[in-house]
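Dock chain A against chain F, hints included.
Chains as they are written, first to last, in UniProt numbering: chain F, 1 to 225; chain A, 1 to 220.
Because the hints were derived from the structure by calculation, they are not lab data. Small disclaimer: the values here were computed from a predicted structure and weren't measured. One should not assume that every hint holds.
[What the hints assert, rightly or not] No farther apart than 30 Å at their CA atoms in a straight line, the calculated lysine-lysine pairs in the DSSO-like style are these:
1. A/Lys111 to F/Lys219
2. A/Lys111 to A/Lys211
3. A/Lys47 to F/Lys161
[Stated by the list, open to error] Some chain F residues near chain A, calculated using beta-carbon distances under 10 Å:
4. Val86
5. Gly87
6. Lys161
7. Pro164
8. Ser167
9. Lys179
10. Val204
11. Tyr208
Quick reminder that beta carbons are idealized off the backbone N, C-alpha and C, glycines included.
Read off the chains here:
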Amino acid sequence: MSGFQWDWAFTWDVLPMILSAAKVTLLATLLGSIFAIAMGLVFALLRRSKSRTLRTSIYWVVEFIRSTPLLVQIFFLYYVMPEFGVGMSPLATGVFALGLHYGAYLSEVFRSGIDSIEKGQWEAARALNLSLVDTYRDIVLPQAIRPMIPATGNYIIAMFKETPQLSAITLLEMLQIAKIIGSENFRYLEPFTLVGIMYLLFSVIAAYGIYQIEKRFPKEGFSLK
Amino acid sequence: MEFGEIVSVLLQGAIVTIQIVAMALPLAVVMAFGFGLIRLYAPSPFKQIAIIYIEFFRGTSALIQLYWIYFVLPFFGITIDAMTAAVVALGLNIGSYGTEVVRGAIQSVPKGQYEASIALNFTASQRLWRIIMPQALVNMIPPFGNLAIELVKATSLVSLITIGDLTFKAKSLADTTLQVGEIFGVVLVFYFVIAQCLVFFIRRLEKHLSKGLGRGGIAS
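Chain A extracted, bound-state conformation:
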């Protein structure tokens, strides 16, 4: 098989990989903020549920969660297609790590900011959304960026539940053409490029969000 053909087949797989990332990332962010804020501010029973979710998804492996959702849930009468299983499993998995990012960033906002907003008679929700969150958000960007790259890497697992992503296409091409060196080499480069693009956008986002916060020395 010619090199160009290999690349074009792998490109189709890369599109599926990017689709999964594009769907699982918003889910992960929603889970991270939802359970992160519940963990911090909600009353006890909700807090316990958040802790169970976080510990369960952080304490077991992503691949087991994926298999559980894909193979076990049908026995409970919940049949979902492979793609949904992949998005749900990866979103919940990365989201559970994200909760700790949200919590850490909110707690890292200096105490004086809380005290000042109380002194100025802000309500609790004004305090969270107008004072704390804009500052915490900037602190969240770099660790969230790392998690986004973890997500890109974790999408390779979906090949094991027969979704035609980049890794799946590579594996089946390698099995039929035996040109393993070129195929897996190209695949590694593809993942690297996707990850570096993410890094680029995250840096831009961080720069954009930290405008006006007086961080990182004098602005040029």
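Here chain F stands alone, though its shape is the one from the complex:
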């Protein structure tokens, strides 16, 4: 039973490799969340469009993305897109898949955030003859953003925890590195446990960060100008 005891020397050997792979994980999460927020806003605004056909089709697109596994979506994008002449690197595919998947979730957060603005605010904006863009920019979004922060943050943390799935398309993130180390040395205990601890650590820090952002955000809203 070679792996029964924790080997500290081996732990210190593999830690630098796992830490350098953490950069790839964090990069994928960062780019993925930017893309997801953009996609979420697009979906949310299209769900409010005047055309009924557009609204229902976006509803089903979001529903479809949300109820199929991320792993299959990653495979789909990685293997099927090249058939249409769009070949992407594992990282780009991963960012695209994470962005699309969590964009669908975030669109619901944004939609309910926008819907939670009182009707009187919309009516006042109409009465003051503000254009649609001005209404969103100056009246609705400044008030809607703060209540959206906790849910958005939770989804970004959830996205972070899904990045190991990108190892399936050979992206060298933490779990993939741990698996390679494990199969080379035939010791899985230390690398997998280290990766688990890293994820726990990062998500606790991120959750604290989101709480701080929410706390610092002015309750009465802020100007986007």
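Frame of chain F, contents of chain A only:
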């Protein structure tokens, strides 16, 4: 390969996927109720254990938990087959999210219900099972439904520990036939159909459980 053959191979995978869901879901529900109630009512050391379980399984990714159970536990002399590892990992993972659903639903029952049951001299267990739980259960159904769909989606991860589920069959078919477009398209539709069936049953269940509670306006 013909389209019909592809579908029939994928159907075999879908059956494995459904089997895993059928086994992991009861485990998740048991864990959710067990640790949810411990978290709420048990004395301190048990409560700490529940919090450690919840935070550990919610704070790390499902795939790492799966790998840990499948690759690391054998070194401790606990050898389990891939299927058991999959059911245990997914059940514990989804169950840890479920504890918060149970806790939230129980805490959302109005305080007057507790006070009234104390005033009527109910015992603690009567209060929980006869007054609080029937009302809390209805509140739990929609979030539990979402978790069930999360579970269906999470089963795709078991393909990475070589279980022949829907995703695994799709990946190996795609590697041999190169008809990636049809295969992954069909797989996405399969998962979507499984999830929508679950949604349908959950709605029925919710309707059934909320009978007689005077919710959602006038009953038709």
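Flag every earlier hint the structure violates by its number, smallest first.
Violated: hints 4, 5, 11.
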